[in-house]
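Q: Chains as they are written, first to last, in the numbering used here: chain Y, 1 to 236; chain F, 237 to 472; chain X, 473 to 690; chain P, 691 to 908.
Calculated directly from the structure, the hints in this document are not laboratory data.
Some hints could be false.
[Stated by the list, open to error] Only pairs whose alpha carbons sit at most 30 Å apart, straight line, appear in this in silico BS3-like list of lysine-lysine: (1) F/K309 x F/K331; (2) Y/K142 x X/K617; (3) Y/K142 x F/K331; (4) F/K378 x Y/K134; (5) F/K309 x Y/K142; (6) Y/K73 x F/K378; (7) F/K370 x Y/K142; (8) F/K370 x Y/K134; (9) X/K550 x X/K617; (10) X/K628 x Y/K134; (11) Y/K73 x Y/K95.
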Amino acid sequence: MIDKSVPGPAAAVADIRDGASVMIGGFGEAGSPIELIHALIDQGARGLTVISNNTGSGEVGLAALLKAERVSKIICSFPRTANSTVFPELYRGGKIELELVPQGTLAERIRAGGAGIPAFYTPAAVGTPLAEGKESRLFGGKEYLLEHGLRADFALIKGRRADTHGNVVYHKTARNFGPIMAMAAGVTIVQVNSVVPAGGIDPEVVVSPGIFVDRVVEVAEPAHESELVAAGATYP
Amino acid sequence: MIDKSVPGPAAAVADIRDGASVMIGGFGEAGSPIELIHALIDQGARGLTVISNNTGSGEVGLAALLKAERVSKIICSFPRTANSTVFPELYRGGKIELELVPQGTLAERIRAGGAGIPAFYTPAAVGTPLAEGKESRLFGGKEYLLEHGLRADFALIKGRRADTHGNVVYHKTARNFGPIMAMAAGVTIVQVNSVVPAGGIDPEVVVSPGIFVDRVVEVAEPAHESELVAAGATYP
Amino acid sequence: MTRDIDQVGWTRDEMARRLALDIPDGSYVNLGIGIPELVARFVPEGRMLIYHTENGLLGMGPSPEKGAGDPELINAGKRQVTALPGAAFFHHADSFAMIRGGHIDLCVLGAMQVACNGDLANWSTGEPDAIPAVGGAMDLVAGVKSVYVITQHGTKSGEPKLVERCTYPLTGRGVVNRVYTELAVIDVTPAGFVLVELSPGVDFEHVRERTGAPLRRR
Amino acid sequence: MTRDIDQVGWTRDEMARRLALDIPDGSYVNLGIGIPELVARFVPEGRMLIYHTENGLLGMGPSPEKGAGDPELINAGKRQVTALPGAAFFHHADSFAMIRGGHIDLCVLGAMQVACNGDLANWSTGEPDAIPAVGGAMDLVAGVKSVYVITQHGTKSGEPKLVERCTYPLTGRGVVNRVYTELAVIDVTPAGFVLVELSPGVDFEHVRERTGAPLRRR
Chain Y
1 MIDKSVPGPA AAVADIRDGA SVMIGGFGEA GSPIELIHAL IDQGARGLTV
51 ISNNTGSGEV GLAALLKAER VSKIICSFPR TANSTVFPEL YRGGKIELEL
101 VPQGTLAERI RAGGAGIPAF YTPAAVGTPL AEGKESRLFG GKEYLLEHGL
151 RADFALIKGR RADTHGNVVY HKTARNFGPI MAMAAGVTIV QVNSVVPAGG
201 IDPEVVVSPG IFVDRVVEVA EPAHESELVA AGATYP
Chain F
237 MIDKSVPGPA AAVADIRDGA SVMIGGFGEA GSPIELIHAL IDQGARGLTV
287 ISNNTGSGEV GLAALLKAER VSKIICSFPR TANSTVFPEL YRGGKIELEL
337 VPQGTLAERI RAGGAGIPAF YTPAAVGTPL AEGKESRLFG GKEYLLEHGL
387 RADFALIKGR RADTHGNVVY HKTARNFGPI MAMAAGVTIV QVNSVVPAGG
437 IDPEVVVSPG IFVDRVVEVA EPAHESELVA AGATYP
Chain X
473 MTRDIDQVGW TRDEMARRLA LDIPDGSYVN LGIGIPELVA RFVPEGRMLI
523 YHTENGLLGM GPSPEKGAGD PELINAGKRQ VTALPGAAFF HHADSFAMIR
573 GGHIDLCVLG AMQVACNGDL ANWSTGEPDA IPAVGGAMDL VAGVKSVYVI
623 TQHGTKSGEP KLVERCTYPL TGRGVVNRVY TELAVIDVTP AGFVLVELSP
673 GVDFEHVRER TGAPLRRR
Chain P
691 MTRDIDQVGW TRDEMARRLA LDIPDGSYVN LGIGIPELVA RFVPEGRMLI
741 YHTENGLLGM GPSPEKGAGD PELINAGKRQ VTALPGAAFF HHADSFAMIR
791 GGHIDLCVLG AMQVACNGDL ANWSTGEPDA IPAVGGAMDL VAGVKSVYVI
841 TQHGTKSGEP KLVERCTYPL TGRGVVNRVY TELAVIDVTP AGFVLVELSP
891 GVDFEHVRER TGAPLRRR
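Assemble the whole structure, with the sequences as input and the hints as a guide.
A: Structure below.
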């Protein structure tokens, strides 16, 4: 019997150790696995390298993880958000390292990491400050940069529904980085609104095949970051 | 109004000119767009470069296109098939050029071509005759080959259902090369069992978003290659 | 919108309307955050554009009715949107394959500076204290077939935004095809800035004086 | 299956059964065409393996009942198969991302030659008149975590298949982890071939004589 479901967020993140690299899904609040992040805050791991498109808003979810000073480095395309004060303070205070990566390059590096491609060439960022220190090369007379695949020890992702084999479907634009982060992590943990038995998802509509997913956790009614922020919530 | 449907296979392939490069979907008979291939035979274009995983079987579909001597070069991972005599004869007779590419490298080259990645590194074929003449490079102490993105003027693909915006869903293992070839061709032509209005396919289950598809053609009851071959059919 | 007393040329809405005129029916379009978003309001009758948002949706529709939105159906500006019939959701690698692979016909962006060689600066002032954030801008300008900029002709302090050489950090090199300002529509060509159209009541000299690099007539 | 009069050691079924014993519960497995396919029949009770076929299916099941098949639900050998509960379909780039990215735990392949350094030759005799066809073999051996070979110990003409150096064109360099033949189970280690287990009634000398490179005991 294959059953990748685990009893709750705490059990799902229990083995994330100090210094681990962790991909965290989401674009803004869409797809942000808040309950898994909060469980990671409770768990206490420090010195994390986080790979995520943004840095969270308010003082919940990803922003709360940063505020708790658990993250020593973030690899990110857009660390500036309307409601974010946490990251700017840490960054200006020299308390967090930032590796800024164009969004499409970040996505492709993650996908490459998951697909066994150690490096690839991309036209994005040629001629910009983000090209500094990077190899470039001409193909067909056009300049491209060499970029490397990106992997992590863990991925924390939010899906809509999963089966016990780890097949996952997503919800609208909450899909974003989920499927590629699932491919690129040693241990992929997905929170979903519901876990169903194998056979409960049509094989034609599976977005993340179970081979990319290690643990699924049911969080029936996940919080929405914007609602928590509007209510002035903080975590813990 | 966006309506990518065209009246039939003949109209769909009418502008494929002599010397064009054409990706043809399918793995064996699954996903082979037989009606589009037959329309291409009728149309008469010569000197084609075909990119396809196999070379067809019997004397219908892809094998019939080869037999009609319309193809000067094929880029392929597995040109040997139980029921194929057409390709071996042409190849031994020096009438067709073969570029043999490992299947995963072929898939990734096509995906890269569609994704704007001019080149990438892969571990496949290192140390083998297929690495001859290719650049290699170490990443993390392991050797990889440089491979280039692959594009074509046209792609002929078989899907199950499409909407008028060109969104496509596939059928079981007939999906294979369809979605990536759709990305990598200047003009992508998809035959499907049925064309439905925009809104007729759930946005969550679309496999090839319409942006990758130029023409959809309804072929309500497509032939199965194995049945044609068993019946001794030939084309034209 | 009321017109400022000293407003010369097009309003923002008029700029957006003018730009919208130039987009062919059936185009796949990515609109940046801010003024570029206005373009969607002014697409001429009878044309249909399909909007791509890089966070994973093609076939994006307008904002939802109050209260009908979904916090997980948003655009790249993280505002709630809708999905029109014929829409598709996909993941980030596929979304940027559309961008980088040249599948998007047009993107419309704001700008801090556009140089006469097509260089664009629109992501950072380069100030040491600023939080650097690039998002998808560098991918868009590198991959999308045509890049249109919509912007005020000058900065608030009166400096030209169309310049000889960008002084801010670049978003992309030689990427801008056309610029729409309140004063004019200007092409970026191998020969530099070339006037396409003046806004009503604005003369060539007026635009030339406010442009930081040579401006030619066609 | 009847046992040949001069058959020594395991039958093909027994080889497959022996190999199946070594696959942990819950493994993701890709079985090559031919003898490797037999392995699926002998998975010990209580274990569940998930089969990947590189043409785009995870959760592949056995052949369909006569007449119940679908010509577009096939395996890499182009034979009709079924999809089990929990299956997923995907395209070729995703399928080989699973392979190249190290997500598949084990692949089982046939061989023409295996060298004591782990080199594998299984796709071409290199004869000038042969139609070269490689399929997914090179990707599988380069990407899958463990590569097991199942093969007769020697060729039909009595040449050893386990050799010092492959003379046929390689499929991959240093890729094979373990070999199952009718005579023995043999690991490929940094020190060369190492015996893991003899088949019943076969002695070490018998295997050593038929192996084209030094064979050590553990």
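Q: Work down the list of hints and note, for each, if the structure agrees.
A: Status of each hint after checking the structure:
Distance restraint check for F/K309 and F/K331: the Cα-Cα separation of roughly 9 Å lies within the 30 Å cut-off, and the hinted pair is therefore satisfied. Straight-line distance between C-alpha atoms of Y/K142 and X/K617 comes to about 15 Å, which keeps the hinted pair within the 30 Å bound. Of the supplied pair hints, the one linking Y/K142 and F/K331 is violated, its CA atoms being roughly 35 Å apart against a limit of 30 Å. Pair hint F/K378 plus Y/K134 holds up; C-alpha atoms about 20 Å apart against a cutoff of 30 Å.
With a C-alpha separation of about 27 Å, the suggested pairing of F/K309 with Y/K142 holds against the 30 Å cut-off. Under the criterion of a C-alpha separation no larger than 30 Å, the hint pairing Y/K73 with F/K378 is consistent with the structure, at around 27 Å. Using a Cα cut-off of 30 Å, the hinted pair F/K370 and Y/K142 holds, with the two alpha carbons roughly 20 Å apart. Restraint check: the Cα-Cα separation between F/K370 and Y/K134 comes to about 23 Å, which is no more than 30 Å; the hinted pair holds.
This hinted pair checks out: X/K550 and X/K617 have alpha carbons roughly 25 Å apart, not beyond 30 Å. Simply put, X/K628 and Y/K134 have alpha-carbon atoms about 35 Å apart, too far for the 30 Å limit, and the pair is violated. A threshold of 30 Å between alpha carbons decides the hint, and for Y/K73 with Y/K95 the separation of about 9 Å falls inside it, so the pair holds.
In this structure, the earlier hints numbered 3 and 10 are contradicted, and the remaining ones agree with it.
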